[in-house]
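Student: With the hints as constraints, model all of the structure from the sequences given.
These protein sequences, in sequence, are chains L and U.
Per this note's numbering, the first sequence starts with residue 1, numbered consecutively.
Per this note's numbering, the second sequence starts with residue 1, numbered consecutively.
The hints are simulated quantities; they were obtained by calculation from the structure and are not laboratory data.
Among the hints, erroneous ones may be present.
What the hints assert, rightly or not - Quick partial rundown of chain U residues pointing at chain L, CB under 8 Å, derived from the structure:
| hint | residue |
| --- | --- |
| 1 | L128 |
| 2 | E177 |
| 3 | T223 |
Claimed, not checked - Using 35 Å as the maximum straight-line C-alpha spacing, the simulated DSBU-like pairs for lysine-lysine come out as follows:
| hint | chain 1 | residue 1 | chain 2 | residue 2 |
| --- | --- | --- | --- | --- |
| 4 | L | K168 | U | K234 |
| 5 | L | K234 | L | K81 |
| 6 | L | K164 | U | K164 |
Positions of the beta carbon are idealized from the N, C-alpha and C atoms, including for glycine.
2 protein chains.
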Amino acid sequence: MFDTFRPQADMRSDMPVIDPAAPNRTAPPSTIAFAFQRRENPCGSQCSACAMRRLCIAASLTDAEAERLDTVITTWRTVAKGDVLLRAGDPFRNLYMVRSGSFKSVTSHASGREHITAFFLPGDTLGLDGICQEYLESDVMALEDSTVCVVPFALLETLCREVKGLQKQFHRMLSSEIVREAELLLLVGSMPAEQRIAAFLLNISRRLRARGFSPTDFTLRMTREDIGNYLGMKLETVSRTFSRFQREGLIRVQGKRIILLDPEALDLL
Amino acid sequence: MFDTFRPQADMRSDMPVIDPAAPNRTAPPSTIAFAFQRRENPCGSQCSACAMRRLCIAASLTDAEAERLDTVITTWRTVAKGDVLLRAGDPFRNLYMVRSGSFKSVTSHASGREHITAFFLPGDTLGLDGICQEYLESDVMALEDSTVCVVPFALLETLCREVKGLQKQFHRMLSSEIVREAELLLLVGSMPAEQRIAAFLLNISRRLRARGFSPTDFTLRMTREDIGNYLGMKLETVSRTFSRFQREGLIRVQGKRIILLDPEALDLL
DNA sequence: CGCTATGTTGAAGCTACTCAAGTGGCGTGG
DNA sequence: CCACGCCACTTGAGTAGCTTCAACATAGCG
Numbered sequence: 001m002f003d004t005f006r007p008q009a010d011m012r013s014d015m016p017v018i019d020p021a022a023p024n025r026t027a028p029p030s031t032i033a034f035a036f037q038r039r040e041n042p043c044g045s046q047c048s049a050c051a052m053r054r055l056c057i058a059a060s061l062t063d064a065e066a067e068r069l070d071t072v073i074t075t076w077r078t079v080a081k082g083d084v085l086l087r088a089g090d091p092f093r094n095l096y097m098v099r100s101g102s103f104k105s106v107t108s109h110a111s112g113r114e115h116i117t118a119f120f121l122p123g124d125t126l127g128l129d130g131i132c133q134e135y136l137e138s139d140v141m142a143l144e145d146s147t148v149c150v151v152p153f154a155l156l157e158t159l160c161r162e163v164k165g166l167q168k169q170f171h172r173m174l175s176s177e178i179v180r181e182a183e184l185l186l187l188v189g190s191m192p193a194e195q196r197i198a199a200f201l202l203n204i205s206r207r208l209r210a211r212g213f214s215p216t217d218f219t220l221r222m223t224r225e226d227i228g229n230y231l232g233m234k235l236e237t238v239s240r241t242f243s244r245f246q247r248e249g250l251i252r253v254q255g256k257r258i259i260l261l262d263p264e265a266l267d268l269l
Numbered sequence: 001m002f003d004t005f006r007p008q009a010d011m012r013s014d015m016p017v018i019d020p021a022a023p024n025r026t027a028p029p030s031t032i033a034f035a036f037q038r039r040e041n042p043c044g045s046q047c048s049a050c051a052m053r054r055l056c057i058a059a060s061l062t063d064a065e066a067e068r069l070d071t072v073i074t075t076w077r078t079v080a081k082g083d084v085l086l087r088a089g090d091p092f093r094n095l096y097m098v099r100s101g102s103f104k105s106v107t108s109h110a111s112g113r114e115h116i117t118a119f120f121l122p123g124d125t126l127g128l129d130g131i132c133q134e135y136l137e138s139d140v141m142a143l144e145d146s147t148v149c150v151v152p153f154a155l156l157e158t159l160c161r162e163v164k165g166l167q168k169q170f171h172r173m174l175s176s177e178i179v180r181e182a183e184l185l186l187l188v189g190s191m192p193a194e195q196r197i198a199a200f201l202l203n204i205s206r207r208l209r210a211r212g213f214s215p216t217d218f219t220l221r222m223t224r225e226d227i228g229n230y231l232g233m234k235l236e237t238v239s240r241t242f243s244r245f246q247r248e249g250l251i252r253v254q255g256k257r258i259i260l261l262d263p264e265a266l267d268l269l
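Tutor: Set out below in structure tokens:
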């Protein structure tokens, strides 16, 4: 989300929007579409020069190590708002690093129930849940026009065997995801609606600050229903809680735009 | 849990029970206790001969690879019921593989709230949440007298750079944990008490079957409060739901012993 | 053998859900 | 350009499900 991150806005503006109806699961995109969808070495600028380097898997790598990572990450993709980047059931081949924009990850279950397990911001890594099986576990959809780096997993694994720093960083990333979900579990499992929403807003705020955006004034890219699904509550409850926070002077709500007026008070809930 | 797994019952019976009051966090155990607590190469039997090999990180390794793993896993520990194996805040050094017995993992949060994020059975791996930081994220407590293999993480990482199959298995294990938590999130976030309990019982049942125990007649090692905490509900609700299932002929409840009378019906809830 | 921890059951209360009506913003087509 | 329809959001009223509080039963442990 949220204030759209556009380090390469100029580069993206000449990209045709991917057809939302393109069959992602069954047939591969036509060669033409494919050529537009993936680009090799845009501008020749790679991890070593990426604005998100501090946040993604390249974090804490030396320049030399980052250059080796460049040899693995050679393509990227654009995804239009509402388009599906990954579909549950598709074969697992790549990880994806968000360069710009934002995504939601939706896990479907036998009962037909769907659950959003994560919102991804620039620098975040998508697809970690696919490693354990041959196929993907969840749908990943763009919440706004977005771009991702494509990381072929087999190549990444090979490189992890050669570059100790990369291996360590990758393991840290997987473990962080486990910890993140455990925290979410606590939130959903044992906190009232009020505290869930407060924690959610503060989480977004913290992550936006880490990416250089305003931590107190931002635009939520997902719907109230998405937020509710993520936090284990109904959209009406999300809406009511926002309204209450506004009445109490904690935040200001203008549709999807949120202004945190008293983050400390939110934290103390 | 649950039917206690004792492939080495004879081996364990001569082990003194570790003093539950032993200060695990601050001072290390006395040398005497330490000598009992850790044993090098008991019986000389290692991964290559372990009954849990199919389930732990050694799964899908060749015999030759398993032998290399033996060089890394040289010690094991016993933990008495109620004892803490790992404490949040302790420095992260090792992973642990459950050989026998069972554990719960409790994450504490700033608010003082605690949440159980996992129950571990033989073959499960403990400590994955510690990788991303220098310190551990949660307390891990034995639900019964148990034994674990100690896996020094630095050595495991080194070996993962040399043994491709081990690396792959380790990544799969981390990813599985992510998927497991995502499923739990769905359960806690959007299912009524009834379905949570049903899913919980079936999950236990499935895992016991994979370990060679009866999937329909087992003893829960954790309290109703633990279950409730894990599933995001109060212990009274757990108890009531068990009683209702019994009234409806789905299960039989005898304290901690559970008999599944109609697993299919549970699944259809 | 008694104590404490754990589990069961009942009754009252509250949170969040369901159902429903109405508002506002945005894109599309007349 | 405005009107329309759609979708997201807000707000209200009534209700279901879970929690809280409390009393009692049972089991495990010293």
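Student: Hint numbers the structure violates, sorted upward?
Tutor: 3 and 4
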